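Going down the list, the sequences are from chains S and A.
Under my numbering, the first residue of the first sequence carries the number 1, and numbering increases by one thereafter.
Under my numbering, the first residue of the second sequence carries the number 1001, and numbering increases by one thereafter.
I should point out that these hints are in silico values taken from the structure, not numbers from a laboratory.
Errors might be hidden in some of the hints.
Said to hold, decoys possible - No more than 30 Å apart at the CA atoms, straight line, and that leaves these computed lysine-lysine pairs for DSSO-like:
1. Lys1074/A with Lys23/S
2. Lys110/S with Lys1093/A
3. Lys1274/A with Lys89/S
4. Lys1018/A with Lys99/S
5. Lys1051/A with Lys89/S
6. Lys1069/A with Lys1031/A
7. Lys1138/A with Lys1018/A
8. Lys1069/A with Lys1051/A
9. Lys1074/A with Lys89/S
10. Lys110/S with Lys1018/A
11. Lys1018/A with Lys23/S
12. Lys110/S with Lys1274/A
To be verified - Residues of chain A placed beyond 10 Å of chain S at every Cβ, according to the derived structure:
13. Lys1018
14. Ala1041
15. His1048
16. Glu1117
17. Pro1160
18. Gly1169
19. Lys1178
20. Thr1187
21. Arg1245
22. Val1284
23. Arg1302
24. Gln1344
25. Gln1349
26. Ala1371
27. Ile1379
As the list claims (entries may be wrong) - Over 12 Å on every C-beta distance to chain A, these chain S residues come out as not near it, computed from the model:
28. Phe13
29. Glu15
30. Lys23
31. Asn24
32. Val28
33. Thr33
34. Tyr101
35. Asp105
36. Asp109
37. Glu127
38. Glu130
Small disclaimer: the values here were computed from a predicted structure and weren't measured.
Even glycine gets a Cβ: it sits at the ideal position worked out from N, Cα and C.
These are the residues of each chain, in order.
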Amino acid sequence: MSRLLFIDDDIDFLEVMTLFFEKNGYDVETATTPEAGKKRIIDHKPDLVVLDVMMPSEFEGFELAREIREDMKLTDLPIIILSCIHDRKQVPYRFAPDKDYLPVDVFLDKPVNPDVLLEKVKSLLGEYREEPSHNL
Amino acid sequence: MNMDLHIGLVKDIDRSKKLVRTETEEFSYDKLILGTGSYPAMPPIPGHDKKGVFAVLKDISYLTDLQEKLKSAKNVVVIGGGFIGIEISDEIKKSGVENVSVIEIAEHCLSQSYDEEFCVEMEEHLRSRGVNIYTGSKVVSIDGGEQVDGVTLSTDETIPADIVILGIGAVANSDLAKKIGLRIGLTGGIVVDRAMRTSDPDIFACGDCAEKVSFFGGNSSALRLASIATLEARVAGANVFGIKRETPGTVGVWGTAVGELALGTAGLTEKMAKAHGYNVISAVNESVNRHPGKLPGAAKIRIKLVFEANSGILLGGQVRGDASTGEIMNAISACVQNRMTAEQIAMFQSGTHPLITASPIAYGIVNAAEAAIGKMVKIKESA
């Protein structure tokens, strides 16, 4: 059973995600601060991390992603950023995965359809099976 | 042609009723093509939202505001040494700004699409035109109060800036597609097949908003170029009422020009090909694009071709020279797309004329292929 770690300061969101992903066969852990998330990563070695950005100000999630890659040297741990920063900031540009500046695998905007997040989780864990085309 | 043009902001698409809604109108469709473009990418650097920080946004009023502010600027910093970064920095320098600096995180500007020798020549050319270049440098903060006044690099060096411009690339604008539940790929683009169909068989997507696969190996490609977008538009448009075309994937063909120096690239560089796992042989040819070479308008052209060593198939090529670089780059792209071998390129029948091409005995693409064949033969003989 793959173990997912959600790091987010929105407790309601964590509850919904836990219910949804446990129902889909995952072992789900949560943390409400970057510090607690870091400890969970070291102690429990999750298979994938879903990370919020604004906890509570602007850059905590980005900074934690950098720490995971550079300080903790976990270069293979899949990271999904899930944030409402684009909507909240109303900026004319987008933050996106970048090996130097934002070393994560996927950037998703909140609110997200849980099925979309599930598809991304499965893709990154190598569990995604696309339906074959039947008309070719 | 029986076409109508309507200008408006699409608010929603009803896939079950096949309706597109703007604020004021409603359109029904049998087939729909999405071409929602891209957003500029922004690195999450503290201070990104200060006044005076600009992305390269395709919006006339935004860019007019930038142009106005540049008139009184003394120090401009451009983050990103790709083609957007180097071209915009040269234009700003030409407009009279005192200090223009490009900050590139990689070892060289343009290094994602050119081998080192081409990058170094462009960097030296830019420096000779008064642009400061910092390579291997990461921006850790954009500084100032409400208004930007500088940037700090990871080396603790600070560079003053009245204006900071970001040119690090683009990401798909798939907002509308997400809203209506189309499948989105790992790089954030709308998932399409080679016929440009989305996960809804009646909706196509093309251009920067669509997910791309590489011509080499088929992995996701983050390249976003106008030439790719228009190719995909020709595929999607042809396929709307029956599949006639498929995209071969992104070869990666693009040029850049600063003053008299132009560079062009198609396919893989030697460095990229090696990183891809190919056994590579490369060859370089230098020739003049007129014959005799003393004719007015003659320019030195350097062509580098990169081949897979065992099959002799062309993987990519780069050109430096004058304006004629553009069409040489495109000829190389045609060879790459058709998976031509060095032997086939050596047999290339070129048309030549003293005033418009290189000499038939010094034709760059052919002679670079011949040089590569010579290397391949030597390796086989010594094996």
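Handout entry: Indices of hints not satisfied (ascending)
Key = Those not satisfied are hints 1, 2, 3, 4, 6, 7, 11, 12, 14, 15, 18, 19, 20, 34, 35, 36, 38.
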